[in-house]
Amino acid sequence: MSVLNAILIGLATGIVFGFVLEKSRVFEPGVIVGQMQLKNFLMLKVFLSAVITGLIVLAVMNGMFGVKLSLKPLLYKADMIGGLILGIGIALAGACPGTTLAQIGAGYRDAIFTLVGGIAGAITYGYFDVPIKAFFNEKGEKIGFDQLLGLPFWATAIGLAVILAGVLWAVERWQSWTVETGTDYDGLMGGTVQRDKTAAHLRKI
Amino acid sequence: MLNLTDKAWSPYVAGVIIGLLQIPTFLLMSTALGASSSFVTVGAHIASLFDSQVSDVSYLAKHLWGAKNWWQVAVVGGIAVGAFLSMRLSGARRQTISPVWARTIGTSTLSARAPVAFLAGFIMLFGARIAGGCTSGHGISGMAQLSVGSTLAVAAMFAGGILTAALFRRA
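Sequence lines, in order, name chains E and A. Each residue of the first sequence is one higher than the one before, starting from 154 at the first, in the working numbering. Each residue of the second sequence is one higher than the one before, starting from 53 at the first, in the working numbering.
You can take every hint at face value.
In silico DSSO-like links for lysine-lysine, alpha-carbon gap of 27 Å or less:
1) E:Lys-221 x E:Lys-292
2) E:Lys-292 x A:Lys-120
3) A:Lys-114 x E:Lys-230
4) E:Lys-230 x E:Lys-295
5) E:Lys-295 x E:Lys-221
6) E:Lys-221 x A:Lys-114
7) A:Lys-114 x E:Lys-292
8) E:Lys-295 x A:Lys-120
9) E:Lys-286 x E:Lys-230
Some but not every residue of chain E turned toward chain A, in silico, with C-beta under 8 Å:
10) Lys-198
11) Thr-206
12) Leu-239
13) Gly-242
14) Thr-267
15) Asp-282
16) Phe-298
Calculated from the structure, these hints are not laboratory results. All residues carry an ideal CB built from backbone N, CA and C; glycine is no exception.
Throw the hints in and build the complete structure from the sequences for me.
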């Protein structure tokens with residue numbers, strides 16, 4: 154694969170990805186912070202639908218056509234500590250690494266600073282990779298739940314897809330996504346305009 | 053029906069489309085969707101402007117070149133283009149910063165928000181590189197492959213996010 158072809162495939166993939174991140178409103182800081190405050194579940198809905206689709210796609214591609222999976226190794230300390238730090242950053246940024254770029258595309262100016270900070274963080278990690286990995290001192294295996302259960306990948310994947318679909322059905326029944334997008338499509342439920350008007354009115358009286 | 057000029061699509065439709073992007077990614081690139089290592093590729097090139105020894109820093113050096121590294125930079129760049137196109141088609145133009153920041157941490161100007169955003173980006177990518185992936189690589193892709201490590205990283209990510217957001221005022 155030439156680098157030019159790889160870039161063209163990447164661009165096409167990214168444009169579709171960014172288009173639906175914007176359309177679903179999941180890139181909104183209001184949605185991401187709302188998810189972390191367990192108030193707005195739009196992020197979980199997009200996230201789990203992508204996981205469910207991926208499970209089915211990979212069950213077919215791996216189970217029927219033998220396409221190889223590309224798992225990351227299980228590193229207990231790095232996954233837990235890195236994940237915690239990443240989560241702190243996501244709440245403060247109101248974005249994850251990918252949605253930062255969607256925010257820039259949609260016009261949020263602060264996301265440019267998130268991007269620059271992210272690049273600085275990535276460079277800094279690069280210089281400290283050796284001591285950090287030495288500190289954790291882990292050698293991980295690429296292990297999946299299918300191996301733990303001793304079941305074929307495709308069967309486990311479809312089983313999990315069914316369970317996650319049930320979770321989404323229950324969450325949607327409890328709170329509809331149409332409420333979660335917010336009246337100004339910024340993920341602020343109850344509506345920015347309406348709530349700020351009410352607040353201003355209450356201050357007056 | 054879905055319309056390109058709509059301001060909002062169902063999260064389920066968006067999620068399914070994102071999940072289907074695994075097909076070209078696995079078939080053409082022999083990898084899974086991800087976003088955070090592209091920050092290392094771009095960062096390594098920026099670092100090389102100031103540090104002629106970057107190719108001796110093995111982690112940065114291995115992200116400098118190669119089809120997979122530049123594919124991911126293109127994906128992440130494409131995300132900005134796609135979001136821009138969608139916003140222009142629907143007219144859902146955004147303010148300078150999201151109103152959520154005034155509501156949750158009392159920040160309503162770009163100059164007050166910028167240092168927090170920079171620090172947040174730094175923390176986010178530093179953590180993602182320790183964990184070896186972000187919401188895309190560990191989340192959308194790792195969980196779809198039933199990876200135990202990715203599921204652990206996603207649980208930790210939500211734990212960190214929920215604990216931090218609990219310190220904010222309610223959105």
